[in-house]
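Residue numbers for the sequence shown follow the working numbering, beginning at 9 and rising by one.
Misleading hints may appear alongside valid ones.
Have a look at the derived ranges for each label pair, beta carbon to beta carbon [said to hold, decoys possible]:
hint, residue 1, residue 2, range
1, Q262, L156, 26 to 36 Å
2, A71, A312, 17 to 27 Å
3, I229, L102, 35 to 45 Å
4, P247, P163, 35 to 45 Å
5, D135, L279, 31 to 41 Å
6, L244, L156, 18 to 28 Å
7, R99, A71, 28 to 38 Å
8, E265, R226, 15 to 25 Å
9, P259, L156, 29 to 39 Å
10, E98, G205, 11 to 21 Å
11, L244, R179, 25 to 35 Å
12, L102, R198, 41 to 51 Å
What the hints contain is simulated information worked out from the structure, not anything from laboratory work. Ideal placement from N, C-alpha and C gives every residue a C-beta, glycine not left out.
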Amino acid sequence: MMERIALVGGGLVGQAWAIVFGRAGHEVTLFDTEPAALERARRNIVLRLDDLAGLGLVDDAAAAHGRIRYVATLGEALASADYVQESTPERVELKREVFGALDRLAAPDAILASSTSGIPASAFTEDLGGRGRCLVAHPINPPFATPLVELCPAPWTEPAVLDQTHALMSRVGQAPIRLRREVQGFVANRMQAALIGAALRLVKDGVAAAEDVDIAIRDGIGLRWSFMGPFETIDLNAPGGIADYLRRYGPLYQAIEAEQAAPLDWTDAALLAQLERERRAQLKAERLPERSAWRDRRLMALAAHRRKLIQ
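Could you put together the complete structure from these sequences and hints?
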């Protein structure tokens, strides 16, 4: 059983991982190259743990925080660690460098996992002597309120490493899934890419305003997606189940897909300007941090509600 956790990167994702593991009773070391980042991490973690305690999602916020140590060197972070979670910026060159250091400094049997949102582990672990212990464990931010973790092995990841990581994530209250092979973006971000791409087209083509597209998800299909996935959704939306649904509505969805087959430029200047105008009319730029914190509190409240429902 893995007890000692090392976290590399003190940004929002690293902070959230510290809460996940500290809340579950693990000893945690959190490292960042910038002392100021560690101090910000300390303040934010205390605030989030207090929020979670208020909703009954952590038993003892002070005890959970007491299990987290903030360290100034990578060697100190990795000392005696059984499991290492890297959460550095999304640059493959940086991850290659970081994983090289992790492979040299971590104990030979320590598992090395990355929080990357879309880079396959094979892109930055191929040349490592200990590449068999490396994989992706991608969370959905913030993982202390959204439990999904996508486990994506490289072609050389040892099966036992995948099994042990899956077991660890389950023990700390996450909802791990296993990918059968590497793919850029994994599962959740590929699904999100399809949805955001469709949303961008609706605005670009003058079909609907950004706020109306948000309402269609928030007050429509997003409600059922909060407790069931797309396959269960369509399985329940036709009398004969999923095959019946696909026979009935498949031609419609195929026609929609065909309309959207042409590549979409997500950085089109006119589209970006329009979206920026519409979103800033809804939310001023200076209120983005406040709204982000509100989102996290709403996710915590939803997590607390779900816990009551399944007890």
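Checked hints:
Checked against the hint of 26 to 36 Å, the C-beta distance between Q262 and L156 comes to roughly 29 Å, which is consistent with it. Separated by about 19 Å at the C-beta atoms, A71 and A312 satisfy the suggested range of 17 to 27 Å. Distance hint for I229 and L102: a CB-CB separation of about 37 Å, consistent with the stated range 35 to 45 Å. Between P247 and P163 the beta carbon distance is about 43 Å. The supplied range of 35 to 45 Å therefore holds.
The hinted window of 31 to 41 Å between D135 and L279 holds, with their beta carbons roughly 40 Å apart. At roughly 21 Å, the beta carbons of L244 and L156 sit within the given window of 18 to 28 Å. For R99 paired with A71, a C-beta distance near 36 Å keeps the hint of 28 to 38 Å intact. Here the CB-CB span from E265 to R226 is close to 24 Å, well matched to the stated 15 to 25 Å.
Between P259 and L156 the Cβ separation comes to about 32 Å, which falls inside the hinted range of 29 to 39 Å. Against the hinted window of 11 to 21 Å, the Cβ-Cβ separation of E98 and G205 comes to about 19 Å, which satisfies the hint. Distance hint for L244 and R179: a CB-CB separation of about 32 Å, consistent with the stated range 25 to 35 Å. Checking the proposed 41 to 51 Å range against L102 and R198 shows it is violated: the Cβ atoms sit about 23 Å from each other.
The structure does not agree with numbered hint 12 stated previously, though it agrees with all others.
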